[in-house]
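Throw the hints in and build the complete structure from the sequences for me.
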Amino acid sequence: MPKTAAGRKTETKSAKLSANGNNKTASKPEPDNDSAVTDVYDVEQAQAEYVKRRKSQLTAIKKLDKDLLGEMLYQMILGRLFERKCAEVYRMGKIGGFCHLYIGQEAIAVGSMMALKEGDYVLTSYRDHVQAMIAGITPEAVMAELYGKATGNVGGKGGSMHMFSKEKGFFGGHGIVGGQIGVGTGMAYAQKYKGTDNVTLCFFGEAAVNQGLFHESLNMAQLWKIPCIYICENNKYGMGTSQARAMSIANIAKKAEGYGMAGEFVDGMDVMAVREATLRAIERARKDGSPTLLEVRAYRYMGHSMSDPGKYRTTEEIKKYQQRDPIALFQDSLKEAKVFTDQDFEDFNAKAAAAVEAAVKFADESPFPDESELMTDVFAE
Amino acid sequence: MTIRDALNAALREELIRDENVFIIGEEVAEYDGAYKVTRGLWKEFGDKRVVDSPITELGFAGLGVGAAMAGLRPVVEFMTWNFSILAADQIINHAAKMYYMSGGQFNIPIVFRGPNGSAYQVSSQHSQALEAFYANFPGLKVVMPSTAADAKGLLKSAIRDDNPVIFLEQETMYGMKGEVPDDEDFTIPLGVADIKREGADCTIVARSFTVPQALKAAEQIQAEFGVSVEVVDPRTIKPLDIETIVNSVKKTNRLVIAEESHAFASVGAEISHQVMEHAFDYLDAPVKRISTAEAPMPYARNLEVAALPSVEKIVAAVREVCYL
Ligand SMILES: Cc1ncc(C[n+]2csc(CCOP(=O)(O)OP(=O)(O)O)c2C)c(N)n1
Ligand SMILES: [Mg+2]
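Chains A and B, in that order, are what the protein sequence lines are.
My numbering puts the first residue of the first sequence at 1, with every later residue one more than the last.
My numbering puts the first residue of the second sequence at 1, with every later residue one more than the last.
Derived by calculation from the structure, the hints in this document are not laboratory data.
Hints should not be assumed to be uniformly reliable.
As the list claims (entries may be wrong) - Cut-off 25 angstroms, straight-line C-alpha distance, at most; resulting in silico cross-link-like pairs (DSS-like, lysine-lysine):
| no. | chain 1 | residue 1 | chain 2 | residue 2 |
| --- | --- | --- | --- | --- |
| 1 | A | K236 | B | K43 |
| 2 | A | K311 | B | K36 |
| 3 | A | K52 | A | K287 |
| 4 | A | K311 | B | K43 |
| 5 | A | K320 | A | K52 |
| 6 | B | K216 | B | K177 |
| 7 | A | K361 | A | K351 |
| 8 | A | K311 | B | K48 |
| 9 | A | K85 | A | K168 |
| 10 | A | K236 | B | K36 |
| 11 | B | K36 | B | K177 |
| 12 | A | K236 | A | K311 |
From a predicted model like this one, the values you see are computed outputs, not experimental measurements.
Structure (structure tokens):
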């Protein structure tokens, strides 16, 4: 039977029904075709959607606890300043190996992780400094790890790509593109197995979606109702390759339909939108283990890693996306909702800057690991 | 010419020579290669011959195997060999066994290439030397060049070979320079070792990363003790030119093997065994191996240095087998 446009629509509808009625909560209306979604990526259109949401967002902000809002903003600013400092000290030769920065994507980690509760788990890729700090690993421990010092988060064994904390429920920084998608699925499986209502947030980039493990994992997660929330951080590029050059469709959220899973597209420059989408996913997961795929679109301001000359995109493009800076947008809303003032923002900045300076000082003054550490931790005793 | 440029020249010449040759991998085209080995090739040869793939190692390795089965000669780049582990099924279960399983009907003329082993502080998941892993499977040839000339001559042979070839480069060596013949028909046959330094008193078998180290160690031993060390570089791990190694040991009566992989079940263990088989009576000391520590690679600079083979460690090993 030839595929007609109508036939295609029916297919979409039935898939949506099996996805827990998720379409009701989607942050934008279901598009008629994939190209409509590509357009949302356009800065103007994203901003237009944002303006439409703004009133309800301000109401939502006013309902939230002021301390929580302050902590959300503080973590975004801390993440930004911490990563800027990383770039600076990397150029001074203090940090070795690969170093991937998170600048531009702060709203994703903050909006989602700060919706979690005790006992929930988090894991991500090699772009992990900011997630690690939100999880509660101190800036000192993260920076000392980047310096390869004994006082680092994992004693200098892991470096930039491999932050971990059992105590804080942070299951790592993972270096193999997509590898953590399998691991995260298993973590959530264990949470359900143990009879908890906890969930796992599993972060990965849009390029990781092209790995087989993504598809294998989503199928199992939906089949067995595994409470994993898959957060695809779509920053438009995997190294120097744009999503358009590597993926046959533009709409990643839609891939959830192929597994009968709830999927949602989220504006990753809007921390409140990320928070709300994550809360919806958490509710599904806590109720009966249902997983969700969130495609959260943001933009990576810096190169892929510190060694990326970035010739594959223009300064104009970068500047365009920076017009919707997640920190600036959140501050505007907080001000408009009369939660914080410019003076408060300055205070947050000063506090974060001091924390970053303290982290660098701590890392600088810490010793390198003892050579005997080379052979420890190979096997659990 | 650098090793990087030598590899680039080999690829370029083979792309020109045979239109069935094409390159596929992550960032190989528009980005000029993550480590610039394919620099300029996409500009010169275009989308059909130099293909940027999604990050989908199992997928593009499989595509390469199928294309080879159907008559093309793919060169598949892994951004690093660490990521080949995702593609191991296509390499081992499919490429390596196809010719045998099909009763000699379908050979797989494919080259899998990219940097192997450590690179400055890239930590556990990005610092693995995988030659022993691949060399364990019948049907795969395994090549590890250590100089610019070898890199060019061996890569050209690998591309012309009718079998799957695992071609292991080393990131920290891409910038090393050496003389390279300009001749478009310059090739080095697979399976032939090269004596990188002649000597009479002790043999070091080194490959890839450890060859420059072994040469420096040999100089130091010569200067300090007046002992002459021979450095043998097998260049091809499989097939292994054991004859050249054995002949060297018969002359020097002592053997040190330096390798970047872990020691357990390594290529060095295999060489050591074969030398025992063929030259047991010639050995005046137990064979000594220098390998990477039996731990995943740590990030901290001082721990990484402690984990890896080094000139000092090789010098110490030579002194041990020579009782110096
Ligand atoms: C399996 C594997 N292949 C290739 C790489 C090299 N690599 C590291 S990050 C990256 C790009 C990943 O892009 P994306 O998933 O979009 O995440 P982002 O870096 O944008 O956060 C590549 C190709 C790797 N680490 N692992
Ligand atoms: Mg990306």
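Can the restraint linking K236 (chain A) and K311 (chain A) be considered satisfied, given a maximum Cα separation of 25 angstroms? The given pair, whose Cα atoms are some 15 angstroms apart, holds under the 25 angstroms limit.
Straight-line alpha-carbon gap K236 (chain A) to K36 (chain B), limit 25 angstroms: holds, 23 angstroms
Hey, K311 (chain A) versus K43 (chain B), does the alpha-carbon distance stay inside 25 angstroms? Within the cut-off at roughly 15 angstroms; holds.
Please work out if K311 (chain A) and K36 (chain B) have their alpha carbons no farther apart than 25 angstroms. holds, 14 angstroms
Given pair status - K43 (chain B), K236 (chain A), alpha carbons within 25 angstroms: Since the Cα atoms of K236 (chain A) and K43 (chain B) sit roughly 24 angstroms apart, the hinted pair holds (cutoff 25 angstroms).
Under the criterion that the straight-line Cα-Cα distance not exceed 25 angstroms, is the pair K311 (chain A), K48 (chain B) satisfied? The given pair, whose Cα atoms are some 22 angstroms apart, holds under the 25 angstroms limit.
Within 25 angstroms, alpha carbon to alpha carbon, are K216 (chain B) and K177 (chain B)? OK: K216 (chain B) and K177 (chain B) at ~16 angstroms, within 25 angstroms.
Are the Cα positions of K36 (chain B) and K177 (chain B) separated by 25 angstroms at most? holds, 15 angstroms
Quickly compare the C-alpha distance for K320 (chain A) and K52 (chain A) to 25 angstroms and report which way the hint goes. holds, 20 angstroms
Taken at face value, is the distance from the CA of K168 (chain A) to the CA of K85 (chain A) at most 25 angstroms? holds, 24 angstroms
Restraint check for K52 (chain A) with K287 (chain A), where alpha carbons must lie at most 25 angstroms apart: violated, 30 angstroms
Would the pair K361 (chain A) and K351 (chain A) pass a check requiring their Cα atoms to be no farther apart than 25 angstroms? With Cα atoms ~15 angstroms apart, K361 (chain A) and K351 (chain A) stay inside 25 angstroms; holds.
Hint 3 from the list above is the single one not met by this structure.
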